[in-house]
Amino acid sequence: MKTAARTTGRAAERRWTAEMEDLSLHILDVVENATAAGATLIEIRIHEDSRKDRMVITIKDNGQGMDGEMVTKVKDPFCTTRTTRRVGMGIPLLEQSAREAGGSIEITSEPNVGTEVVASFCASHIDRKPLGDIAATMVALILGNPDVDFIYQRSIDGVTTDLDTREIKEQLDGVSITAPPVLNLIQDLLSATPEGEDLNGSDQTASS
Amino acid sequence: MAKLRIEDLKRIKEGVKGTVNLREGNFRVKITVHMGTCGIAAGARPVMSTLLKEIESRHVTDVILTSSGCAGLCSHEPMLTIEVQGQAPIKYIRLDPEKTSKIFEEHVMQGNPVAEYALSLGSETTH
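Residue numbers (our numbering), protein chains in the order written: chain L, 367 to 574; chain F, 31 to 157.
Bear in mind the hints are in silico, worked out from the structure with no lab data behind them.
Certain hints may be false.
Unchecked claim - For the chain F half of the interface with chain L, some residues (derived, Cβ under 8 Å), not all of them:
{"hint": "1", "residue": "40"}
{"hint": "2", "residue": "71"}
{"hint": "3", "residue": "78"}
{"hint": "4", "residue": "85"}
Unchecked claim - Straight-line distance between alpha carbons at most 25 Å, and here's what the computed DSS-like set of lysine-lysine pairs gives:
{"hint": "5", "chain 1": "F", "residue 1": "83", "chain 2": "F", "residue 2": "33"}
{"hint": "6", "chain 1": "F", "residue 1": "83", "chain 2": "L", "residue 2": "535"}
{"hint": "7", "chain 1": "L", "residue 1": "535", "chain 2": "F", "residue 2": "40"}
{"hint": "8", "chain 1": "L", "residue 1": "426", "chain 2": "L", "residue 2": "495"}
{"hint": "9", "chain 1": "F", "residue 1": "33", "chain 2": "L", "residue 2": "535"}
{"hint": "10", "chain 1": "L", "residue 1": "495", "chain 2": "L", "residue 2": "418"}
{"hint": "11", "chain 1": "F", "residue 1": "33", "chain 2": "L", "residue 2": "426"}
{"hint": "12", "chain 1": "L", "residue 1": "495", "chain 2": "L", "residue 2": "441"}
{"hint": "13", "chain 1": "L", "residue 1": "535", "chain 2": "F", "residue 2": "43"}
{"hint": "14", "chain 1": "F", "residue 1": "132", "chain 2": "F", "residue 2": "60"}
{"hint": "15", "chain 1": "L", "residue 1": "535", "chain 2": "F", "residue 2": "60"}
{"hint": "16", "chain 1": "F", "residue 1": "60", "chain 2": "F", "residue 2": "83"}
The structure displayed is predicted, hence computed values, not measured ones.
All C-beta atoms, glycine included, are put in the ideal place defined by N, C-alpha and C.
The whole structure should be built from the sequences, with the hints applied where relevant.
Written as structure tokens, this is what we have:
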């Protein structure tokens with residue numbers, strides 16, 4: 367089982383550490399924030415550039431957005447208000463992961479327009495978490511939010527994998543995007559890296 | 031550039047067309063995986079993947095799978111809630127793929143809630 371929650375001893379006595387083990391879990395978390403903010407279209411872009419040794423993850427939504435004061439607050443886990451349901455541990459954890467890998471996060475937001483979260487990493491940094499099972503993340507997002515549209519792009523040195531659920535829904539012509547054969551197809555497409563080589567273990571095959 | 035092939039989608043559309051659209055309320059069981067920050071960090075995604083595989087491999091057509099946010103019981107994550115039509119919802123706690131498969135087999139397929147993984151069953155007794 368691939369999970370960041372490490373357990374010690376018997377199940378009843380286990381201790382938890384709240385840590386996202388890979389970047390695809392951070393993406394799942396931040397995008398769930400966006401859906402909670404009422405977004406109907408969410409763009410997820412993962413760009414790797416080996417020449418610049420950078421990895422940049424951009425998550426942009428058209429949800430309710432935040433004012434300037436809230437944007438500064440979401441980075442502080444101890445200064446959150448629960449009135450918006452937009453904030454919590456998710457952003458501070460992502461920022462921690464970025465900082466540990468020579469990177470940072472930037473949040474820009476406008477009320478009633480949307481929010482953009484950009485996390486950048488030093489790609490070769492020894493503490494840069496692996497991307498992990500991004501296919502499982504996208505399938506979980508589509509399954510849990512069938513009415514939200516997702517634009518996904520992963521590029522490694524300019525070679526890209528693209529997905530746009532609006533195009534898929536148009537082709538499916540009324541058949542649900544959550545139908546297992548459709549999700550399988552999406553899983554297969556995204557499990558392969560843009561070079562075509564499968565580097566991402568699935569949740570089922572990863573060691574515990 | 032890698033993209034989904036339109037002919038694959040057309041093939042799937044023909045294969046799935048005519049089956050019941052579960053999203054319109056026509057389902058027997060609804061399974062909700064709690065996908066807040068706490069749930070995701072604790073392993074909610076493998077639970078979701080396991081449920082999808084169970085639904086697919088058993089060709090189940092009357093079960094709907096969805097996600098929700100934090101339920102306020104973060105130390106019990108990963109959690110899922112099973113709602114069988116006409117019955118009280120049951121929350122399962124501290125899950126992993128193995129426990130999830132057992133719950134799917136016994137509760138979703140056979141109708142018997144798995145007491146050992148449930149947060150609670152029924153209301154408190156007075157004796």
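Okay, the hints, checked on the actual structure:
Contact between residue 40 (chain F) and chain L, as hinted, is supported at the beta carbon level, the nearest pair being about 7 Å apart and thus within 8 Å. Given the 8 Å rule on beta carbons, the hint for residue 71 (chain F) holds: about 5 Å separates it from the nearest Cβ of chain L. Taking 8 Å as the C-beta cut-off, the interface hint given for residue 78 (chain F) holds, the closest approach to chain L being about 5 Å. Restraint check, residue 85 (chain F) versus chain L: the minimum CB separation of about 6 Å is within 8 Å; hint holds.
Taking the CA atoms of residue 83 (chain F) and residue 33 (chain F), the gap is near 23 Å; set against the 25 Å cutoff, the hint holds. With a C-alpha separation of about 22 Å, the suggested pairing of residue 83 (chain F) with residue 535 (chain L) holds against the 25 Å cut-off. With a CA separation close to 11 Å, the supplied pair residue 535 (chain L) and residue 40 (chain F) stays within the 25 Å bound. Between residue 426 (chain L) and residue 495 (chain L) the alpha-carbon distance is near 21 Å, which keeps this suggested pair within the 25 Å criterion.
Our distance criterion of 25 Å between C-alpha atoms is met by residue 33 (chain F) and residue 535 (chain L), whose separation comes to about 14 Å. Only pairs whose Cα atoms come within 25 Å are accepted, and residue 495 (chain L) paired with residue 418 (chain L) is accepted, the gap being roughly 18 Å. With a C-alpha separation of about 21 Å, the suggested pair residue 33 (chain F) and residue 426 (chain L) falls inside the 25 Å cut-off, and the hint holds. For a cut-off of 25 Å, the pair hint linking residue 495 (chain L) to residue 441 (chain L) stands: about 20 Å separates their Cα positions.
Distance hint between residue 535 (chain L) and residue 43 (chain F) is fulfilled; the C-alpha atoms sit about 10 Å from each other, no more than 25 Å. With a CA separation close to 16 Å, the supplied pair residue 132 (chain F) and residue 60 (chain F) stays within the 25 Å bound. In summary, the hint linking residue 535 (chain L) to residue 60 (chain F) is supported, as the alpha carbons are separated by about 23 Å, within the 25 Å threshold. This hinted pair checks out: residue 60 (chain F) and residue 83 (chain F) have alpha carbons roughly 16 Å apart, not beyond 25 Å.
Against the hints set out earlier in the document, no violation occurs for any number.
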